[in-house]
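Undergrad: In order, the protein sequences belong to chains A and B. Just so you know, numbering that gives the first Met the number 0 puts the end of the first sequence at 165, numbered straight through with nothing missing. Just so you know, numbering that gives the first Met the number 0 puts the end of the second sequence at 422, numbered straight through with nothing missing.
To be clear, the hints were calculated from the coordinates, so they are not data collected in a lab. You may find that some hints are simply not true.
Stated by the list, open to error - Simulated coverage check for chain A against chain B, where a stretch passes if three residues somewhere in it have a Cβ under 8 Å from a Cβ of chain B:
| id | stretch |
| --- | --- |
| 1 | 16-28 |
| 2 | 83-90 |
As the list claims (entries may be wrong) - One-sided excerpt, in silico: chain B residues whose CB lies under 7 Å from chain A:
| id | residue |
| --- | --- |
| 3 | Ser140 |
| 4 | Phe184 |
| 5 | Asp187 |
| 6 | Gln190 |
All C-beta atoms, glycine included, are put in the ideal place defined by N, C-alpha and C.
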Amino acid sequence: MADDILRGRAWRLDHDISTDVLSPGAYAVDPVEVRKLHVLESVIPEFANEVVAGDIIVAGRNFGCGSSRETAAENLKALGVACVVTESLSRLFMRNAIAVGLPALICTGIHAAFADGDDIQVDLVTGVVTNVASLVELRADPLPEEMRRILASGGILALLKGRSVA
Amino acid sequence: MGMNLAERILARSAGRDQVAAGEFVMAEIDLALLHDIFAAQVFNLLRDTGLDQVFDPDRIVVVIDHLVPAPSEAAAAIHQSIREHISRLGITAFYDAGRGICHQLLPEHGHIRPGDLVVGTDSHTTTYGALGAGGTGIGTSDMVYALATGQLWFRVPETIRFEMTGDLMAGVSWKDVILHLAGRFGADGAQYRAIEFAGPAVAGADMSSRLTVCNMALEMGAKFGLFAADGVTDTYLRSHGGAGTEPFEPDADATYEAVHEIALSNLEPQVALPHEVDQVSPVTEVEGISLNQAFIGSCTNGRIEDLRAAAEVLAGHHIAPGMRLLVAPASRAVLGEALETGVAATLVEAGASILAPGCGPCFGGHGGLLAPGERCIGTHNRNFIGRMGSSEAEIFLASPATVAASALAGHIADPRKLGASDG
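Required output: the full structure, derived from the provided sequences and hints.
TA: Written out as structure tokens, the structure reads:
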């Protein structure tokens, strides 16, 4: 069950982070335990070693652009990333993030409001995003109830299994 | 209030009289497409849910098109697994290796109808908007849900409408139009939106051109790329194994997030430069860049019209020394027509290697990859870094005519000049 209020350390990424960067093709058919070790390695080599459960990604425009590969979102979730907050998101990344149970928000102004390592708080219901140190408060597009229902189930496959039992 | 094409498609699929952009709906899927990169994984996940059955075997199409012919033992094993799964699940619409690319086969064999909602485990599922169908890519978990239930959630997208006017000049194609739009509006210019391609000029776009345009709508971030169904659609459907269609159009009072007028008459051939689809220049600004390989094929431009356009440029000539020209017909039917009409002979006499019908080297799996420092110009849809082999190679995207002219020259070349000099 996903909590509605998340708080963690921000990793600030650039614009146009593609699915090739989030899930390099060379490891496409490897298990998630291998894939997650290569997340972002072409832009932040130490990311997979240093990220801790509860950390939050803050990114620029067009995050997750490129292919339909769901592993881009699955890898981040496997590393314990709690949430992704971006200036804008690729549609396929957004769908896949919800499907695997990773909250992904669009929040205008987020890229300028955070530095790498800042303490960030995200309210998934209201969409309020807070820089805990500077107290700058932004408002992301709140997640619709339909998406929050899938996230609360732990992803769309968990929802499907629940449905088949019910 | 009137509805645009995307709203009409999602309203019908959701069993509603009316939907509006921004709403979420649970929609009934008309058709689900899986290809060999993800099909085995999806079927394994479906089995893991304990359900292991599909909502309707007759509304699922499976195509082996990416790893064709199997370039490795692992690929062959994946194909073997897919064949076992579809047999167990009772799926009969199955196109095995060598039949062609999914986005060519589904229209070619009458699987796509105007107004349908089609999901596929491939980002370029937007291609079916050429026939007025709402085609869009989804991931593997979403596909498992769709196969099990026949339903999937959708956000009704805002729509951007391009009103296109004027006639294309000789040597310019609709590939040049969509490259121009990607360059002008950006790789995220239609993010999470639908695009309607409309205006007086679209009546002159044949189905092959419309498929090219909707294929690359995805490269602008679009959820759907849509043409209304008209006489061109009706004729295409009748000649590809199906009944004809009534017009399927947006309501006259439909609303749009933006309407852009696009004049086509002065458009020059366009080239997308490494490593982004929206880094686009007129060919006249990049002529002379040296090349090692040219590729004609893919779900974007591997149809008979594309091969013919290339053959018209290549006829009676030979590609430049040091150049490699690869041609992958989009389907076995396309290859057959190229053989019957002499197009294939023209291509081979000009120095082309004909590959098996399928995705070919487009996605970087096999069949024509690049070494560090090499440059390829192709008719496909993506030029991302590392897409076709080495991350130190460079990929340029253009129309079949521009790719053919460049293969002859050994460097990027303007097909209009070649045509003029040849009389």
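Undergrad: Mind listing which of the numbered hints don't hold for this structure, in increasing order?
TA: 4
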